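2 protein chains.
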Amino acid sequence: MSVIYDRVALIGLGLIASSMFWAMRRDGLAGHVTGYARSSETRETAREIGLCDSVHDDMLDAVKDADLIVLCVPVGVMGDVMAQIAGALKPGATLTDVGSVKRGVIDAVMPYLPNGVHFVPGHPVAGTEHSGPRSGFAELFENRWHLLTPPEGTDARATARLRDLWEGMGANVAEMDPDHHDRVLAVTSHVPHLIAYTMTGVADDLRRVTDSEVVKYSAAGFRDFTRIAASDPTMWRDVFLGNKDATLEILGRFTEELFALQRAIRRGDGDHLHAYFTRTRAIRRGIIEAGQDTDAPNFGRGGGPRK
Amino acid sequence: MSVIYDRVALIGLGLIASSMFWAMRRDGLAGHVTGYARSSETRETAREIGLCDSVHDDMLDAVKDADLIVLCVPVGVMGDVMAQIAGALKPGATLTDVGSVKRGVIDAVMPYLPNGVHFVPGHPVAGTEHSGPRSGFAELFENRWHLLTPPEGTDARATARLRDLWEGMGANVAEMDPDHHDRVLAVTSHVPHLIAYTMTGVADDLRRVTDSEVVKYSAAGFRDFTRIAASDPTMWRDVFLGNKDATLEILGRFTEELFALQRAIRRGDGDHLHAYFTRTRAIRRGIIEAGQDTDAPNFGRGGGPRK
Chain R
1 MSVIYDRVAL IGLGLIASSM FWAMRRDGLA GHVTGYARSS ETRETAREIG
51 LCDSVHDDML DAVKDADLIV LCVPVGVMGD VMAQIAGALK PGATLTDVGS
101 VKRGVIDAVM PYLPNGVHFV PGHPVAGTEH SGPRSGFAEL FENRWHLLTP
151 PEGTDARATA RLRDLWEGMG ANVAEMDPDH HDRVLAVTSH VPHLIAYTMT
201 GVADDLRRVT DSEVVKYSAA GFRDFTRIAA SDPTMWRDVF LGNKDATLEI
251 LGRFTEELFA LQRAIRRGDG DHLHAYFTRT RAIRRGIIEA GQDTDAPNFG
301 RGGGPRK
Chain Z
1 MSVIYDRVAL IGLGLIASSM FWAMRRDGLA GHVTGYARSS ETRETAREIG
51 LCDSVHDDML DAVKDADLIV LCVPVGVMGD VMAQIAGALK PGATLTDVGS
101 VKRGVIDAVM PYLPNGVHFV PGHPVAGTEH SGPRSGFAEL FENRWHLLTP
151 PEGTDARATA RLRDLWEGMG ANVAEMDPDH HDRVLAVTSH VPHLIAYTMT
201 GVADDLRRVT DSEVVKYSAA GFRDFTRIAA SDPTMWRDVF LGNKDATLEI
251 LGRFTEELFA LQRAIRRGDG DHLHAYFTRT RAIRRGIIEA GQDTDAPNFG
301 RGGGPRK
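Chains as they are written, first to last, in this note's numbering: chain R, 1 to 307; chain Z, 1 to 307.
In isolation and in its complexed conformation, chain R is listed as follows (with noise of 0.2 Å):
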């Protein structure tokens, strides 16, 4: 593939910044990437394992000259950091950002931007429970969904651009009202999130009465919420401030049906409970049908004798 962007500035060098850049390498989709990380340590990480074509002291430094800007810290301080940077920024570059919360992030940049700076914000749909910069890999955005949300009056060939770099790195790109984007993610991100937090504390409660059973025997549904519940405290934190209406009423919904499969239990309702289970069984397929996740009845623990 061809170069889209000549310069590349990655704010912030965690999961996503650390997946662009093997990606954007690997596929040779920007001239020089240059990094940039608040913490001095995870500077010299970047420096020690390649990570970015120059790394740099000073986030001013990191922007100057670049033709697109990512914005790859907490939402909770993209508007600082987009008010220090402002005055830097190229004319006729290109910011984006790849927040889980879009409306936030919005309001908080906006005001600062520059005439002539292109803001195309964006949400790779992909993730792992690991942050920082060693926990990237160029395939993360693979068959993924990129969501961007460009505000009314958005320059088109701006946000054409960016999309030819996401769809470079593997991802399938969509755009989305921001405000819609949030109520979505709410459903199938942000509220899960909260739920697998909430019960891997419940038995982190329990662990102490009964030592480290609940560890040693943890079953696969439990596995998986304690993968999910490892993600990025801050970043996390950041996602339910910053999306607080939408997470409010998702939650408010799940109690009263978690209320009802809970009253089904106590009275012996084995149709109702069979019923509902028979239900969710088919959203999963429908996921498989779009391609989010495979199907493969092993994840890959070694083939079965058959298919």
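Hints were generated in silico from the structure; no laboratory data involved.
Since the model is a prediction, treat every value here as computed from it, not as a measurement.
Hints may be right or wrong, so weigh each one.
Same chains, same names: a pair is fine if it fits in one copy or spans any two.
With a straight-line Cα cutoff of 16 Å, these simulated EDC-like cross-link-like pairs (lysine to aspartate or glutamate) come out [unchecked claim]:
id, residue 1, residue 2
1, Lys216, Glu289
2, Lys216, Asp6
3, Lys90, Asp27
4, Lys216, Glu142
5, Lys216, Glu175
6, Lys216, Asp164
7, Lys216, Asp204
8, Lys244, Asp269
9, Lys244, Asp57
10, Lys244, Asp164
11, Lys244, Asp179
12, Lys90, Asp67
13, Lys90, Asp65
14, Lys64, Asp6
15, Lys244, Asp80
16, Lys90, Asp61
Fit chain Z to the given chain R structure using the hints.
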């Protein structure tokens, strides 16, 4: 390895039974394995794919002369099945089961236990969301726990021999009090499944509002939930009804914790959220150290640039 039981009968031919068959065959642990399933379609499939050395239309033919009988049916029907086969069991044979609930199974099976037959209940802490005779694979039990809950007075040699079989199939075996088992598993498996079912149900409701977007843009958290929620409805109905008290107790703790986090979000208490999420990261580390999951950063989706 050498043959541990000359003749093994698998009653019910779903995920666990079919995985047992492939594992026993791979390692030469059983001389002859018979199989029975209530549904003629399942028996047909078993014959077609070579599942079991012989598949029987009559359950009594399957258990006749067996040295080990494994009940692989939903926990709600263990008692019924036992009532039917009790008279056909060979003196000196060992009877076991693979149910996720142990107290209920023991109470249902023991009244029918003939003199001279050893009942050693068990629970393989392993599974996938798939079910049926085609879903098994020999590696399912590898490095997973198999919990044995022999009632007081159980023949120690019978227990030791069954332990050899499960260890031969790759499992780590531990013995546990049945009531204690049910309390631990309520935390690590039963309530997590109920939560996953609930969240998937909520999303399914909302799908009608947002069309297919909930499925299309399902992020990692939600995808894991839907996978769990795709598990066999009959098996799980029976688990919740069979482990009612412990499930309801853990559910109570869960909603208490969830409400505390919900309140923190509503009040904008970021410190509370951050501290909670930091704590939950630790239990994940405990699970990885206990060898119950891997720490692979990319879930096997292709290798990153380094490790």
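Against the structure, the hints come out as follows:
no.	hint	in the structure
1	Lys216 x Glu289	between (35 Å within a copy, 9 Å between copies)
2	Lys216 x Asp6	neither (51 Å within a copy, 32 Å between copies)
3	Lys90 x Asp27	neither (25 Å within a copy, 66 Å between copies)
4	Lys216 x Glu142	between (34 Å within a copy, 15 Å between copies)
5	Lys216 x Glu175	between (44 Å within a copy, 13 Å between copies)
6	Lys216 x Asp164	neither (46 Å within a copy, 20 Å between copies)
7	Lys216 x Asp204	within (12 Å within a copy, 33 Å between copies)
8	Lys244 x Asp269	between (35 Å within a copy, 11 Å between copies)
9	Lys244 x Asp57	neither (34 Å within a copy, 58 Å between copies)
10	Lys244 x Asp164	neither (32 Å within a copy, 53 Å between copies)
11	Lys244 x Asp179	within (12 Å within a copy, 41 Å between copies)
12	Lys90 x Asp67	within (7 Å within a copy, 79 Å between copies)
13	Lys90 x Asp65	within (6 Å within a copy, 83 Å between copies)
14	Lys64 x Asp6	within (13 Å within a copy, 76 Å between copies)
15	Lys244 x Asp80	neither (20 Å within a copy, 50 Å between copies)
16	Lys90 x Asp61	within (12 Å within a copy, 81 Å between copies)
In summary, the structure is inconsistent with hints 2, 3, 6, 9, 10 and 15 from the numbered list given earlier, while agreeing with the others.
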